[in-house]
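Chain order of the listed sequences is A and B.
Going by my numbering, the first sequence opens with residue 1, and the numbers climb by one from there.
Going by my numbering, the second sequence opens with residue 1, and the numbers climb by one from there.
Be aware that one or more of the hints could be misleading.
Which chain B residues face chain A? A few, computed with CB under 7 Å, are given here [unchecked claim]:
| id | residue |
| --- | --- |
| 1 | LYS57 |
| 2 | ALA85 |
| 3 | VAL86 |
| 4 | PHE89 |
| 5 | ILE90 |
| 6 | ARG122 |
| 7 | GLU125 |
| 8 | GLY172 |
| 9 | THR176 |
| 10 | PHE180 |
| 11 | LYS183 |
| 12 | LYS184 |
Across the chosen pairs, the derived CB separations fall in these ranges [said to hold, decoys possible]:
| id | chain 1 | residue 1 | chain 2 | residue 2 | range |
| --- | --- | --- | --- | --- | --- |
| 13 | B | GLU10 | A | ASP293 | 48 to 56 Å |
| 14 | A | LYS233 | B | GLY182 | 52 to 60 Å |
| 15 | B | GLU163 | A | PRO191 | 29 to 37 Å |
Straight-line Cα separation of at most 25 Å, BS3-like style, residue types lysine-lysine; simulated pairs [said to hold, decoys possible]:
| id | chain 1 | residue 1 | chain 2 | residue 2 |
| --- | --- | --- | --- | --- |
| 16 | A | LYS335 | B | LYS170 |
| 17 | A | LYS370 | B | LYS78 |
| 18 | B | LYS14 | A | LYS190 |
| 19 | A | LYS380 | B | LYS78 |
| 20 | A | LYS357 | B | LYS170 |
| 21 | A | LYS380 | B | LYS14 |
| 22 | B | LYS170 | A | LYS163 |
Read the hints as simulated data drawn from the structure, not as lab findings.
From a predicted model like this one, the values you see are computed outputs, not experimental measurements.
The C-beta atom is built at its ideal place from N, Cα and C for all residues, glycine as well.
Each chain, written out:
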Amino acid sequence: MEKIVLPEIENFHQLDVYIQNAGYEAAKSAFTQTTNQIIDTVKKSGLRGRGGAAFSAGLKWSFMPKNNDKPKYLCVNGDESEPGSFKDRQILERNPHQLIEGTIIACYAIGAKSAYIYVRGEYHKWIKLLQKALDDAYEKGFVGEKMKETFGTDFSCNIYVHKGAGAYICGEESSLMNSIEGQRGYPRVKPPFPAQNGLWGNPTTINNVETITNIPPIIKKGWEWFSAIGEPKHPGTILFGVSGHVNNPGVFELPSGTLLTDIIYKYAGGVIGGKKIKCVIPGGSSMPPLRGDKLEGVKMDAESLKAVGSAIGTGGIMVMDEDTDLVRVLARIAKFYYHESCGQCTPCREGTGWMLKILNRLVRGEGTSKDLDLLITIAKNIEGNTICALGDAAAWPVKFMIARFREEFEAVVKDEVSLEPKNKVHSMRHTANPIAPVQV
Amino acid sequence: MPKIIIDGKEIEFKPGQTVIQAARENGIEIPHFCWHPSLSVSGNCRLCLVEIEKMPKLVISCSTTATEGMVVQTQSEKVIAARNAVMEFILINHPLDCPICDEAGECKLQDYTYQHSVGESRFTEEKNHKEKRIELGPNVMFDGERCISCSRCIRFCDEIVGEKELTFIKRGDRVTITTFPGKKLENPYSMNVTDICPVGALTNRDFRFKSRVWEMAPTKTICSGCARGCNIDLWTRNNEVLRITPRQNEDVNSFWMCDNGRLNTFKHVNANDRVSGPHLRKEGQLIKCGWDEAYAKTLSELKSFAKDEIAALASSSLTVEDTYLVSKFVRSTLNMKNFDFVRKVVAGSGDAILIREDKATNAKGFELMGVEPGKSASGGGLKFDEIISHIESGRIKALILIEEDLIGWNPAFEKILSKLDFLVTISTNFDASTSFANVVFPASTYAEKNGTWINFQGRIQRIRPAVTTIEMERSLDGMSQSRWDKFGTDFDSWGKAKKNDARPTWKIISGLASAFGTKYKFTMAEEIFNEIAHTNPLFTGLDYDVVGENGVQLKTETVKKKVTI
C-alpha cells in the first residue's frame with residue numbers, strides 16, 4: 001500500500017536521502033506552472049484539510065486575494081494539542097523535508113513570501129528536528145533567496161519555525177496568528193476570515209502540517225492519481241493515530257475510508273486482553289464518541305463518519321474497552337477543555353467550568369439524573385454560540401457521551417431528584433415593571 | 001439608502017454599519033455588554049446574538065455588517081434562548097452582591113437580568129473566587145469576581161487613551177484583569193473605565209460606597225475644569241454633589257472626561273469654607289452682614305475713589321450672562337475702563353484627547369463678547385498685567401475681584417492685593433484672596449446657577465443648577481430630583497440639607513448696580529441671555545431651549561469682527 005506522507009524509506013528525514021528519492025522535484029515542477037494551475041490541481045485532487053474541519057485545501061487557497069499589494073502569509077499548523085492526536089509529530093520526525101517542500105509550493109501558489117510553521121511548545125525535540133531540516137534546506141538553497149537560483153525562478157520565500165507556548169487554543173487558526181504576532185492567544189471574530197485579514201492584518205492561509213505534506217506528491221503525480229486513493233469525497237491517505245486499550249498503539253497511514261474495525265484489529269493489534277470495546281472516539285477527544293457495539297462497517301473518512309454521527313477530526317482514534325469508566329473519561333475530557341478554554345467569550349469560559357463541576361460531582365457519586373439533562377443543556381448552550389470551535393469541542397463530548405452512553409451515567413446518579421434548586425431566587429422577571437432601555 | 005429588516009421593521013442603514021449600529025440608530029436596542037459605540041468590536045460577550053436569514057448559526061450583531069435586504073430577528077425563540085443561556089452563563093459565577101455594589105441601579109447586568117434572564121439559577125455549585133478590592137490605580141478599584149471579562153476597559157486604555165495599561169491574564173474562567181508589570185492604571189482618563197464597565201467590577205474610588213445611584217439626582221451640565229467644556233452629569237443627594245460622570249456629546253467629549261475634571265471640580269461646592277451671606281471686614285475680621293449693608297458699604301467705599309483708581313478683574317470662567325452684566329455694570333454704571341479677565345493658561349498641560357491648556361471655561365466667551373481692555377465703547381482700558389502693576393505702584397487703590405482667587409492661582413499676587421485700600425470680592429469660597437477683602441459677596445458656584453459657557457471651539461453650552469441655595473427650591477425651580485427629593489417628608493433628614501446664602505454673580509452685580517442707582521430688570525439668567533441674543537448678532541436666534549442639552553456651535557468666524565459691547 002502506498003505511503004504518501006510517511007514513506008517507508010530509511011533516513012528519509014535526511015536531506016540527501018530525500019533528494020535521492022526525487023526530493024524537491026515537485027517544487028521544481030511547480031515553478032514551471034502558474035499559481036492558478038497549482039491551485040487548480042490541488043482543488044481537483046480533492047485534498048481536504050487534515051487539521052479537523054476537512055475543508056478543501058485548494059478552495060482555501062483560492063480565497064487568497066490576487067490583486068492585493070499587501071504581503072501574504074502562510075501558516076502551517078503543527079500545534080497538535082488535541083488529546084488523542086499525535087500524527088503531525090511523525091511528519092516532523094520522519095519526513096520534515098516533504099513538509100518544507102509542500103510549504104514552498106503552497107507559498108508560491110498563494111503568493112506568500114513568508115511562512116510560519118507553528119509547532120506546539122511541548123514538542124521540543126521535534127522543533128529541533130524540524131529546525132535542523134530547515135537549516136539544511138536553506139544551506140542547499142531550497143529555501144530563501146538562494147532558491148531563485150536553485151529552481152530557476154524569480155520566486156523566493158522564507159520559512160520560520162515558531163514555537164508555541166503550551167496553549168491548546170493556539171491551534172485554532174486565528175489565535176495561532178495572534179500568538180505569532182505576540183498577542184494573547186485569543187481567537188478572532190470571523191468574519192473577516194484570514195484570507196482577508198490574517199497575520200498582521202494581511203491575507204493569510206493556514207494549513208495543517210499533514211495537509212501541506214500531501215502537496216508535493218500531488219504536484220509530482222497529478223491530481224488524478226491522488227483523487228483515486230481511498231474514498232472519492234475525501235481522497236488520499238490519512239494518518240490515524242490509535243491510542244487507548246489496544247495492543248499496538250501508533251500512527252498508521254492508511255487510505256481514507258479504511259474500516260475502523262480494521263484499523264483497530266488489523267493494524268493496532270486488537271484490544272488488550274481480547275476485551276470488548278465500549279467506546280471509540282474516532283477523531284481526537286473533541287469528536288462525538290461511537291458506541292463499541294456500533295462499529296461494524298464504520299469507514300474512516302469525513303463523509304462516512306458524519307453519516308454515523310461523528311467526525312474525522314484529526315484522525316486520533318481513542319479506543320476504550322468494556323471496563324472503562326466513561327463518567328471519569330468524560331470528566332477528564334471536560335477538565336481538559338476547562339483548562340484550555342481561553343476565557344474570551346462567555347459560553348465557553350463559564351460553561352466549561354460548570355460542566356466540569358457537575359461531572360466531578362457525578363464522579364464523587366453526588367449527581368442526580370437531573371444533572372445529566374442539565375449537562376446536555378449546558379453543552380447545547382455553548383455549542384455554536386462561541387467565537388471559535390473550542391466551544392463545540394468542549395460541548396460535543398459531553399452532549400454525545402451522555403446521549404450515547406446514558407446508562408453508564410444513570411448508573412452513578414441518585415434516582416431521588418430534588419426538583420428545587422438549592423439557591424432558588426425569587427423570579428424577578430415576573431415582578432419587574434418594564435424598564436427603560438438600557439443606556440450604553 | 002440601503003435597508004435591512006429587523007424584527008419585521010424595515011430600517012435604513014449607512015453602508016458599512018453593523019447590524020447593532022443600524023438597530024441602535026433606529027431605536028432598536030440589541031442587548032450587549034462588550035460592544036461600545038466608541039470602541040473596537042471584540043465580540044466576546046455573545047449577548048448580541050441574532051438570527052439572520054440564510055445564515056446557519058446565530059451571529060453576533062456587533063460584528064456582522066448590514067447588507068441590503070438582510071432579514072434579522074432579535075426576538076425569535078432561538079435568539080431568546082441563546083440570550084437566556086448567555087445571561088445564565090454570566091450569572092453563574094457573578095456574585096449576588098447587588099445590595100452592596102456601587103453599580104447597582106445603573107448596572108447593565110442587573111438591567112438585562114430583569115429584561116432577558118429567566119430569573120432562576122440552575123447552578124448549584126460553588127462559585128469561582130477571584131481577587132477582590134484590587135487598587136488598579138489611584139482612582140479605580142477592581143473586583144475580579146464581578147468582572148465579566150468584556151474587555152471594554154482594556155480597549156478604552158489601548159484605543160482612546162493610547163496607554164497600554166490593562167490586560168487580561170490567565171485562561172478560562174480564571175481570566176482576570178490586571179495592569180502590566182510595573183504599571184498602574186493612572187492615565188489622565190482612567191476613571192472612564194468605571195463608566196463603561198457594564199458591571200460593578202471597576203469602581204470609582206472617590207465615590208465608592210457614598211450613595212446608591214437612585215438616591216441621587218443627575219443634572220445635565222458642563223465640566224468646569226478647562227476650556228473643553230465636557231458635557232457631564234452632576235450627581236447630587238441631600239443638596240450635596242457626590243460625583244461627576246461624563247455625558248455623551250460627539251462634538252465635544254464623546255463619552256469621556258478626564259480624571260481631574262471628575263475629581264477636582266465639585267468638592268468646593270460642598271466645602272465648609274463656602275461663603276454664605278455677605279461679609280464685611282470689621283476690626284480685622286470678616287463678619288456676616290445683611291445684603292443691603294454690604295451693598296451700601298461697597299457703594300460708599302467705591303465712591304471715595306477716582307474712576308481711574310478702581311479696577312475690576314473677573315474670572316474667565318464667568319458665565320456669558322454674568323460676563324454681560326458685569327461688563328455692563330463696570331463700563332456703564334461705574335463708567336470705569338480698567339476691566340480685564342484673568343487668563344488661566346497652563347502651558348504644556350493639554351493633550352490631544354480632551355484636556356486643554358486653558359483652564360477657564362469661558363475665555364472664548366469673553367473674547368467673542370468683546371470683554372477685553374480697549375474693546376469697550378469708550379476704549380483704552382488697562383490690561384491685566386497693567387492693572388497689576390498699577391496696583392503695585394499705588395495708582396489703582398480699589399479692586400473688584402469677581403469669582404477669582406488670584407492668590408490661590410499665583411501666590412505672588414499676595415503682595416499685590418495687600419497694597420489695596422479697598423478690595424471687594426464676589427467669591428464662592430473663603431480663600432487666600434478673601435483674606436484681604438473688605439467686602440465679600442457670596443457667589444453661587446457653577447453647580448448652583450443657570451448660565452452658558454462658550455468652549456474653546458466656540459460652542460455655547462448650558463450649565464444648570466444641581467445644588468440649591470437658600471433662594472432656590474428644587475421642585476419649583478425645575479431642578480432634577482432623585483426619589484429622595486421627590487418623595488421625602490418633613491421627617492426625613494435629607495429635607496434639611498444645608499443651603500448656602502449665595503447668589504449668582506449677575507444677581508449680586510444687579511444688586512450693586514441698584515445701590516448705584518441703575519436698575520436692571522432681570523430676574524433670571526435666561527432673561528439676560530435673551531437680551532444678549534437680541535443685541536449681539538453672534539447669538540441671534542438662540543435661547544436656552546435652542547442651546548439645549550448638547551449646545552450649539554456659534555458661527556464665530558463670520559461675525560467675530562463686528563462684535564463689541
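Hint check results:
1. LYS57: holds (5 Å)
2. ALA85: Check passed: Cβ of ALA85 (chain B) comes within 4 Å of chain A, closer than 7 Å.
3. VAL86: Holds, about 5 Å.
4. PHE89: At about 4 Å, which falls below the 7 Å cut-off, the nearest Cβ of chain A leaves the hint on PHE89 (chain B) intact, so it holds.
5. ILE90: Given a least distance of 6 Å, the restraint on ILE90 (chain B) holds.
6. ARG122: Interface hint status for ARG122 (chain B): holds (6 Å vs cutoff 7 Å).
7. GLU125: holds (4 Å)
8. GLY172: With a minimum Cβ separation of about 4 Å from chain A (threshold 7 Å), the hint on GLY172 (chain B) holds.
9. THR176: Given a least distance of 9 Å, the restraint on THR176 (chain B) is violated.
10. PHE180: violated (12 Å)
11. LYS183: violated (16 Å)
12. LYS184: violated (20 Å)
13. B:GLU10 - A:ASP293: 48 to 56 Å: holds (55 Å)
14. A:LYS233 - B:GLY182: 52 to 60 Å: holds (56 Å)
15. B:GLU163 - A:PRO191: 29 to 37 Å: Given range 29 to 37 Å: holds, Cβ gap about 30 Å.
16. A:LYS335 - B:LYS170: Since the Cα atoms of LYS335 (chain A) and LYS170 (chain B) sit roughly 16 Å apart, the hinted pair holds (cutoff 25 Å).
17. A:LYS370 - B:LYS78: Status holds; Cα separation ~23 Å.
18. B:LYS14 - A:LYS190: Holds: LYS14 (chain B) and LYS190 (chain A) sit about 21 Å apart, inside 25 Å.
19. A:LYS380 - B:LYS78: holds (12 Å)
20. A:LYS357 - B:LYS170: holds (19 Å)
21. A:LYS380 - B:LYS14: violated (35 Å)
22. B:LYS170 - A:LYS163: holds (20 Å)
Checked against the numbered hints listed earlier, the structure breaks hints 9, 10, 11, 12 and 21; every other hint is satisfied.
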